[in-house]
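Undergrad: Letter by letter, the chains look like this.
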Amino acid sequence: MTDKKPKNVFKQGAISSEFIGESIAKHQTKTSIGAHNIFLGQVRADVIDGKTVTAIEYTAYEDMANAKFDEIRETAFEKFELTCMHIYHSLGVVKAGEICLFVFVSSPKRKVVFKALEYIVEEIKAQVPVFGKEIFEDDSHQWKKNM
Amino acid sequence: MIITIKYFGLIAEVTNQSEESIDFSGRLISDLLNTLYAKYPDLKNKDFQVAQNQELVSESTEITGQELALLPPFSGG
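Residue numbers (my numbering), protein chains in the order written: chain A, 1 to 147; chain B, 1 to 77.
If you're looking for bench data, these hints aren't it; they were derived computationally from the structure.
The structure presented is a predicted model; accordingly, all values stated were derived computationally and were not measured.
Take the hints with a grain of salt, since some may be wrong.
Unchecked claim - Away from chain A, derived, C-beta distances all over 12 Å, residues of chain B:
no. : residue
1   : 37
2   : 55
3   : 59
4   : 64
Said to hold, decoys possible - Straight-line Cα separation of at most 30 Å, BS3-like style, residue types lysine-lysine; simulated pairs:
no. : chain 1 : residue 1 : chain 2 : residue 2
5   : A       : 95        : B       : 46
6   : A       : 95        : A       : 111
7   : A       : 133       : B       : 44
Idealized CB from N, CA, C, for every residue including glycine.
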């Protein structure tokens, strides 16, 4: 752990396709990059006991989560030859079909970004204290669990 | 000593609050859990982990007085 305060990964609400597009555009000046890889987590309209999920409301233990995101980022930079990496996660209500997680890795070489992205997404799912409340069409809810 | 415990997700629904401070004289996380089970019997059949100073700890860990949190299963992404 370093002394610097971890970056804030969280954004209120869904992550827009405009924001994702702009993030890609910003990398046009970084010409040592030869490959980007992007993971987008989208809220699924699961049907559970006959009721359809309309949205997920995300909360988090924000300080611990940002520290964990930071650890994952540092470990990924040690393990893989990455030029840059960006992670954004939603807080609050994200409707079915909207994006709640955006992970973006870049490297000179393609093979690296496939491995790095899978590693980072799996670590996020397992290590980061974020909690999703699945809201159904009748306003009832249940708490989601990552498999 | 006075300790502060944060609750999240399903656990915050069981305790009906997101944070509380209690005067606690036990030594281990397991002592704290017994106190909380007495106060909130429904916690016993819930799945959660305990974090101290933002790191996951076991029931045999000593309580240091730093920030404690009860965390239900993670479901980010």
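Undergrad: Hints first: check each against the structure and report whether it holds.
TA: Status of the hints after comparison with the structure:
1. 37: At roughly 20 Å from the nearest Cβ of chain A, residue 37(B) sits farther out than 12 Å, so the non-interface label holds.
2. 55: 8 Å, violated
3. 59: 18 Å, holds
4. 64: 16 Å, holds
5. 95(A) - 46(B): At roughly 27 Å apart (the allowed maximum being 30 Å), residue 46(B) and residue 95(A) satisfy the hint.
6. 95(A) - 111(A): Violated, at about 33 Å.
7. 133(A) - 44(B): Within the cut-off at roughly 21 Å; holds.
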